[in-house]
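Heads up: the sequence lines are chains S and P, in that order.
In terms of my numbering, the first sequence opens at residue 1 and continues consecutively.
In terms of my numbering, the second sequence opens at residue 1 and continues consecutively.
Be careful, since some hints might not be right.
Taking lysine to aspartate or glutamate and the EDC-like style, the derived pairs with C-alpha atoms no more than 16 Å apart in a straight line are [claimed, not checked]:
#1 P/361 / S/284
#2 S/404 / P/69
#3 S/196 / S/295
#4 P/145 / P/104
#5 S/350 / P/135
#6 P/338 / P/413
#7 P/170 / P/66
#8 S/404 / P/486
#9 P/170 / P/227
#10 S/404 / P/67
#11 S/269 / P/413
#12 S/196 / S/284
Stretches of chain S that chain P covers, calculated by requiring three or more beta carbons in the stretch to come under 8 Å of a beta carbon on chain P [what the hints assert, rightly or not]:
#13 264-272
#14 289-299
In case anyone wonders, no lab produced these hints; they're calculated from the structure.
Nothing here was measured: the structure is a model prediction, and the numbers come from that model.
C-beta atoms are modelled at their ideal positions from N, C-alpha and C, and glycine is treated no differently.
Here are the chains, one letter per residue:
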Amino acid sequence: MKGIGTAAGNFLLKTKLFWGLAVLYGAGIVLSPVNRKGVNIFLEPGNQADVLRQVSNNGIIAVGMTLVILTGGIDLSVGSMMALGCMLCAMLLTLTGWTAASVTSIPILAIVSVFLCSYLVPLVATNLRRGSARPVEQAGMTTRLLGLVLGVVVAASLVWWTTSQLQTKFGVLSVLITVPAVGLAIGGLTGLIISKGRLQPFIVTLAMMVAILGVARLLGGETAAVYPVYTGSNATDQFDILRALVLQVIPVPGIFFLVAVLTFGFILKYTSFGRYIYAIGGNEQAARLAGIRVDQIKTAVYAIAGMLASLAGVLYTAQYRQGKPDAGTGAELDAIAAVVIGGTNLMGGKGSMTGTFVGVLIFGFLTNILLLKNINSNIQFVLKGAIILAAVLLQEGQIGLWWKRLRARTKKVSTDGPRKDEVHFLQKLR
Amino acid sequence: MSLPDSPSQPPQRLALEMRQISKSFGPTQVLRDVDFALRPGEIHALMGENGAGKSTLMKIAGGLIEDFEGQILVDGQPVHLASPRDATRAGIAMIHQELSLVPELQVDENIFLGQEKLQSLFLVDRRNQIQAARDVLRTLDFQGKVQVPVSQLRVGEQQLIEIAKALVAKARILIMDEATSALSINETDRLFQVIRRLAEEGVAIVYISHRMEEVFALAHTVTVLRDGRRIGTVPGKDATRRELIRMMVGREIQEMLAEDKSATRTAKPMLEVRNLSLEHPAPTPSRPMLVQDISFSVGAGEVFGLGGLLGAGRTEVLQVLYGLHPGTSDGNIWIEGKPVQILGPVQAKARGIALVTEDRKRDGLVLSAGIDRNIGLPVMRTLTHLGIVLPGKEKELATSIIRQLNIHARDPEQVTGSLSGGNQQKVVVGKCLVTKPRVFLLDEPTRGIDVGAKAEIYRLIGQLADQGLAIVLVSSELPELMLLCDRILVLREGRPTALLDRSEFSQETILEYASPGGAIQPEFLKLETTV
Numbered sequence: 001m002k003g004i005g006t007a008a009g010n011f012l013l014k015t016k017l018f019w020g021l022a023v024l025y026g027a028g029i030v031l032s033p034v035n036r037k038g039v040n041i042f043l044e045p046g047n048q049a050d051v052l053r054q055v056s057n058n059g060i061i062a063v064g065m066t067l068v069i070l071t072g073g074i075d076l077s078v079g080s081m082m083a084l085g086c087m088l089c090a091m092l093l094t095l096t097g098w099t100a101a102s103v104t105s106i107p108i109l110a111i112v113s114v115f116l117c118s119y120l121v122p123l124v125a126t127n128l129r130r131g132s133a134r135p136v137e138q139a140g141m142t143t144r145l146l147g148l149v150l151g152v153v154v155a156a157s158l159v160w161w162t163t164s165q166l167q168t169k170f171g172v173l174s175v176l177i178t179v180p181a182v183g184l185a186i187g188g189l190t191g192l193i194i195s196k197g198r199l200q201p202f203i204v205t206l207a208m209m210v211a212i213l214g215v216a217r218l219l220g221g222e223t224a225a226v227y228p229v230y231t232g233s234n235a236t237d238q239f240d241i242l243r244a245l246v247l248q249v250i251p252v253p254g255i256f257f258l259v260a261v262l263t264f265g266f267i268l269k270y271t272s273f274g275r276y277i278y279a280i281g282g283n284e285q286a287a288r289l290a291g292i293r294v295d296q297i298k299t300a301v302y303a304i305a306g307m308l309a310s311l312a313g314v315l316y317t318a319q320y321r322q323g324k325p326d327a328g329t330g331a332e333l334d335a336i337a338a339v340v341i342g343g344t345n346l347m348g349g350k351g352s353m354t355g356t357f358v359g360v361l362i363f364g365f366l367t368n369i370l371l372l373k374n375i376n377s378n379i380q381f382v383l384k385g386a387i388i389l390a391a392v393l394l395q396e397g398q399i400g401l402w403w404k405r406l407r408a409r410t411k412k413v414s415t416d417g418p419r420k421d422e423v424h425f426l427q428k429l430r
Numbered sequence: 001m002s003l004p005d006s007p008s009q010p011p012q013r014l015a016l017e018m019r020q021i022s023k024s025f026g027p028t029q030v031l032r033d034v035d036f037a038l039r040p041g042e043i044h045a046l047m048g049e050n051g052a053g054k055s056t057l058m059k060i061a062g063g064l065i066e067d068f069e070g071q072i073l074v075d076g077q078p079v080h081l082a083s084p085r086d087a088t089r090a091g092i093a094m095i096h097q098e099l100s101l102v103p104e105l106q107v108d109e110n111i112f113l114g115q116e117k118l119q120s121l122f123l124v125d126r127r128n129q130i131q132a133a134r135d136v137l138r139t140l141d142f143q144g145k146v147q148v149p150v151s152q153l154r155v156g157e158q159q160l161i162e163i164a165k166a167l168v169a170k171a172r173i174l175i176m177d178e179a180t181s182a183l184s185i186n187e188t189d190r191l192f193q194v195i196r197r198l199a200e201e202g203v204a205i206v207y208i209s210h211r212m213e214e215v216f217a218l219a220h221t222v223t224v225l226r227d228g229r230r231i232g233t234v235p236g237k238d239a240t241r242r243e244l245i246r247m248m249v250g251r252e253i254q255e256m257l258a259e260d261k262s263a264t265r266t267a268k269p270m271l272e273v274r275n276l277s278l279e280h281p282a283p284t285p286s287r288p289m290l291v292q293d294i295s296f297s298v299g300a301g302e303v304f305g306l307g308g309l310l311g312a313g314r315t316e317v318l319q320v321l322y323g324l325h326p327g328t329s330d331g332n333i334w335i336e337g338k339p340v341q342i343l344g345p346v347q348a349k350a351r352g353i354a355l356v357t358e359d360r361k362r363d364g365l366v367l368s369a370g371i372d373r374n375i376g377l378p379v380m381r382t383l384t385h386l387g388i389v390l391p392g393k394e395k396e397l398a399t400s401i402i403r404q405l406n407i408h409a410r411d412p413e414q415v416t417g418s419l420s421g422g423n424q425q426k427v428v429v430g431k432c433l434v435t436k437p438r439v440f441l442l443d444e445p446t447r448g449i450d451v452g453a454k455a456e457i458y459r460l461i462g463q464l465a466d467q468g469l470a471i472v473l474v475s476s477e478l479p480e481l482m483l484l485c486d487r488i489l490v491l492r493e494g495r496p497t498a499l500l501d502r503s504e505f506s507q508e509t510i511l512e513y514a515s516p517g518g519a520i521q522p523e524f525l526k527l528e529t530t531v
């Protein structure tokens, strides 16, 4: 019986995050106001879709943040990266010709595509045959050349395609390719500085956070203006697709979020890249000595975080129909909070994408409930902070420990020698 | 049975008494109703294989573990030790395997850390503190400087600083966990003298060690734990090696006998090293380089030893061979007659070199990950297709290594942090074996592991040599080095001083060549004058 009890206990312990979400969801139902028709507002499909829409941006950033934190790092620059993505997106959509946005992003797009092709093609080519895995360095000259040529071809066609759109403004697809490419490049640069310079991620990404925000503001020009994006008048109609509802319930940003969670959840769990991320976070030195290219993995992780953050910027533009440099203010902190609520250890090496997914939802539903209850937004901040602390304390099992300690302190200690029923072992010895 | 004679008057009160201590971590019970008694002035050795519960028991006494069952009495008074601070107040001081000094702080600052001598409310009275530190250290025969950061001191000296810290805190009970595992023989001898004198002054000492010789040399009393139970307490002078091993292991173990295999070794060199050197980050006139002009060759199937005191540059030689010092190191390396360049662990692995580092927790294992993940880590490529892990492959590999190396684990996915030291070490070795190395570098492979696991590692080294690997072994335990190696190159302050054949092995010879100011073989002497 006891075995069953502990098994159930373990199960509860392992799934405590989901229970937390369930409790919060229940609280949402109970606390929610009811509209005139007697429908629970919280449960309305429209409200549920809203929650998913609102968490999507934070969620997409949190996915990248999970990878970074699992390696034992942190990325404070994602908020600024989102702002940059947002500005780039709005400018590419609404302005024609060579503007600050297109001048910077098109060459970066070309460089990124050359690099990715010349890295990925040999990697895939050398490992196509099952069980004959070899490192990229052993790739033949031809495959390397093939990768490079393909990269140049891809880059050239992308440049031709995007420049041809300069006169008529960018379409949805070209924005969705160009902006994340810029995020990938800048994130990769951050990763390179961290890994090659053996620097603290905190300070490097703090510097990048400030610098990227500056770039985002510079892009906007003297006025640091807000760029309104009116689909149909100053931007393409198709852009509306990024704020549409699929099957009239699922918002498109939510789909981006879910795809990101599934993709990177799969990568974390089932690929060698994922294994290396956990290993680096668990013990970077051990990973290095095991012959893992720690620098490459770290660079890739920051590149992915940058890419996802700038993608969130594009979705922000679609959602709020504007590009502005303060789009991502505080986004890095929300993402870190969601990751940590999801049980990922800030020291690295421990955590999961499932946790982050649930953490993002907890954060989203909490905001939604407070909103529906019409609670003062400043009080909302205080409550959110309290919830984050409580979640982390629960995750780390500290509260249980405090309880035990309290019990131990109050327990009476007998002062009268050995118990009578106990033959003292020293006497036995004698 | 009578209690052993202690050097001072037989006191009535026990310095420390632990009654019926039980403790479990999750489902595993590490201590069951253990009684432990320590008298003032007694040196009490605590022995047992890894995982027997020695460290846990002493962590409880040191206030590092607070939720346990049982009772602790200090000087006959029940105490509640919920933190190291409580333990310090009760007069208990712990000296860990890993020293707990702040490397950047100076000697006196470390000694008085947390108990600073104050001038007024906040100002530290450095002059007074330095004087007090000198006084304490004089009683410990410490000859170094006081106003230097402790990072500049030798490990043996740092150990004395730890003891001084305990004395300043007026500790009456001193717990030493594997205190000598990083010390040379001279330093160990000096430490023993200090320990004996402290005991004469009435300090009670718990001494945890794996080294049988030390226990015989030092202990008044020996308590043996096995599987969380107290197996027995015997007077140190009556204990025999055989009996203690039987108590610890629960069965008789044949003492390892050296067999001379030099005749069967082939002459074909697997690894050849010429003029290996490594720059010193802070060179001094007496030590311009960390490693200087080291040349040797190791045959296939040979076990080649690097001897010397701590800091002689043995570890650094292995590190350079594994490519951990690109840019600051120099020299030529051939593997199977082919010149190779090794700029990092990636190349080292590709050229068939594997390294077991001296600190398995710091460099060897991802402690938060399972055995399968750790063993699969260096060979992920062979376990994946297009980057996706082939299902079951990691577990399969881990299971075969677990069987091959006789690792005691619940299942291949068990987190390595929860394994005992010996089993962790086997996982590290396994992690290297899966890369199918030709050259196997082992740095202190048996540090801090129990007798049983040690014997298994010895056997494994023999097997690997028989399979034609070239093995380079670094060990601070001379008997171990002499038992396993076919030849030993002795280093002193980064330079080679002697190359010994099996017939020339003796502890005295090795120490003579290893100690500063000692002898140098003629061929190395010539080398030194030309430098």
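Against the structure, the hints come out as follows:
1. P/361 / S/284: 12 Å, holds
2. S/404 / P/69: 12 Å, holds
3. S/196 / S/295: At roughly 7 Å apart (the allowed maximum being 16 Å), residue 295 of chain S and residue 196 of chain S satisfy the hint.
4. P/145 / P/104: 15 Å, holds
5. S/350 / P/135: 48 Å, violated
6. P/338 / P/413: 39 Å, violated
7. P/170 / P/66: Not OK: residue 170 of chain P and residue 66 of chain P at ~23 Å, beyond 16 Å, violated.
8. S/404 / P/486: 56 Å, violated
9. P/170 / P/227: Status violated; Cα separation ~34 Å.
10. S/404 / P/67: It holds: about 7 Å lies between the C-alpha atoms, which stays within 16 Å.
11. S/269 / P/413: At roughly 15 Å apart (the allowed maximum being 16 Å), residue 413 of chain P and residue 269 of chain S satisfy the hint.
12. S/196 / S/284: Answer holds: residue 196 of chain S to residue 284 of chain S is near 14 Å, not above 16 Å.
13. 264-272: holds (count 3)
14. 289-299: holds (count 5)
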